[in-house]
Amino acid sequence: MSTPDSRANHDTLHSRGSDVLRPGWGYASVTDKIAGIVLTDHFGWRWWTAFLAASAGVGALLAAISWLFVKGIGIWGVDIPVAWGFAIGNFVWWIGIGHAGTFISAVLLLLRQKWRTSINRFAEAMTLFAAGIAGLFPILHLGRPWFFYWLVPYPNVMNVWPQWRSPLVWDFFAIATYLTVSLLFWYVGLIPDLATLRDRAGQRGQRGRQVAYGLLALGWRGEARHWARFEWAYLLLAGLATPLVVSVHTIVSLDFAVGNTPGYHSTIFPPYFVAGALFSGFAMVLTLAIPLRHAFGLHAFITGRHLANAAKVLLATSWLVAYGYLAEMFTAFYSGDIYERYMTVNRFMGPYGPVYWAMLTCNVLVPQLLWFRRVRLSVPALLVLSLVINCGMWMERFLIVVTSLHRDYLPSAWGMYYPTAWDWITLFGSIALFVWLFLLFVRFLPLISIAEMRELVRESAQGEA
Amino acid sequence: MSEPALYGLLAEFPTADSLCAAARHVREHGYTRVEAYSPFAIEGLDEIIGADKGWIAPLTLLGGLLGGAGTYFLQWYAAVVDYPIDIGGRPLHSWPAFIPATFEITILGAALAAVVTMLVANGLPRLHHPLFEVEEFDLASRNRFFLCLPARDPVFAPGPARDLLAGLHPLLLCEVPA
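As you go down the protein sequences, you meet chains R and U in turn. Those letters in the first sequence? Residues 0 to 464, per numbering that gives the first Met the number 0, in order. Those letters in the second sequence? Residues 0 to 177, per numbering that gives the first Met the number 0, in order.
Rather than coming from a laboratory, the hints here were simulated on the basis of the structure. Even glycine gets a Cβ: it sits at the ideal position worked out from N, Cα and C. It is possible that some hints are incorrect.
[Claimed, not checked] Stretches of chain U that chain R covers, calculated by requiring three or more beta carbons in the stretch to come under 8 Å of a beta carbon on chain R:
id, segment
1, 25–39
2, 95–102
3, 112–125
Next comes chain R alone, as it looks inside the complex (with noise of 0.2 Å):
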């Protein structure tokens, strides 16, 4: 991409190339690269074609919603017994997938690692679509979704309060919380990017973009007294983020782990969770990372350490998880309780026993291919893999949903969960929605820290990254 500022375009040092940035890269090289991804004017047929394809889907996922507002959740496959389907199991998959994004943010910021820079800003906005997305779920499967502000303590004429001790109630506070923390965290760090994007398309002659660019900025001038503060409000950020992003799953699984059901009531589930979410979100971060640094060349910024680390992240998420899997099984046997029993086999043999099976084929038995250095080291293999993934984990939030439901305490109870189109159009339509909200960032925000890969420069070029 050439340099359309015609002033000082020649760096006065660059990268010396490391792991996590290649050589050559200086500071103006690097703010071109990743503004002019944002300010072209021309942004190319692919991405015309991925927008109007998600566009259809959004709008499948409109006509979902809409004809579950006129006709209510029966629509969906969910009745007596199995009255929690798609949408809670969605739920919990999409807040899964938004746990990466703030804990590669927070947690590997604290640790000081410099791979986070160049995937720390994607993950983040991957982070706020999936949590928004899955926030979604849980008020359309409310039956009268248009009282969801019943969960808000707020003075009001029925003179009752919300259920507190009620995990639902929890979870209302947990979603709302991690959206508004996981927003404030993202916005800080956009903050002086939001200023080179005002000045860069000032620069251009692009006026509208420019005022839209600086009303976000808020004036950023760079200063080092405000340098100091954003540094030391953005540390603090991360800190509180780190215990907020282990507290937000370990709510979720508390809306199963609280109620007395086979399957659900069990210690394990907090840990679990977690590490499910971890497991699922770093996927989803291989599944963006891996097509972005293709689409727009960013093979400098990530690199194959950046891909070889997350894929080791899951290798040792799939271990944790597989772990949740077997002290579930365990418990069930060990505690000598029929029930729990009972619903473990059923999980193995019972009807939905197949989805058991490719769920552990797909979260434990493939993740080990990631043993092999060449396979972490294989672009179009962590592609495959973390979609495998992606599929796996939601399979075990169906599982878990679904099949603790389907066999009641008595038989006569018993019933089975099949999903209509309805549940089908809403699960993709959300995927669809996720990915529409991802094109429209790259279209108009940084995807890469631009401020963060200058430091990253200068440390490179000093021999410290």
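Knowing the structure of chain R, use the given hints to seat chain U on it.
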């Protein structure tokens, strides 16, 4: 002040190290309100120009404490005072069940306090600033480093300030109208 309409003098430098050296130099000449502008956070520069992090950490703590205490109080008040329901003699003040919401709002309060304090301490949002009138200044968000001696600095005098900056061999030296 002979020229009241002056915001300050601005000098442009090519590298982070030259900016740090220049900032140190002018600080040694008694300037206390030195402003240094850079496209990324330069470690140590804040100490050179004498910046402090202000109230961010204490107010973040306060925000967290207020959020947590307020949320706990709300739950206690609702469950014990305003709408007590006796369910099989279970305790009304069931504190373990009140922890999740308390924890979440503690984090929320602290995060909001951190961000708001940072913005207020930085005087943001401030959409316009005299420096934005300097055409070269848009490189401060790309690859150039700027040092500004503001006219409001007690030791500022236009002539000596200009000589001091010129002695540092900046790429550009200009006056910034207020």
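Comparing the hints with the structure gives:
Using a Cβ-Cβ cut-off of 8 Å, 6 residues of the segment 25–39 of chain U lie near chain R, which meets the minimum of three, so the contact claim holds. Coverage of the segment 95–102 of chain U by chain R holds in this model, with 5 residues showing a Cβ closer than 8 Å to a Cβ of that chain against a need of three. Chain R is given as covering the segment 112–125 of chain U, and this holds because 10 residues of the stretch bring a CB closer than 8 Å to a CB of that chain, at least three being needed.
Of the hints listed earlier, there is not a single one the structure fails to meet.
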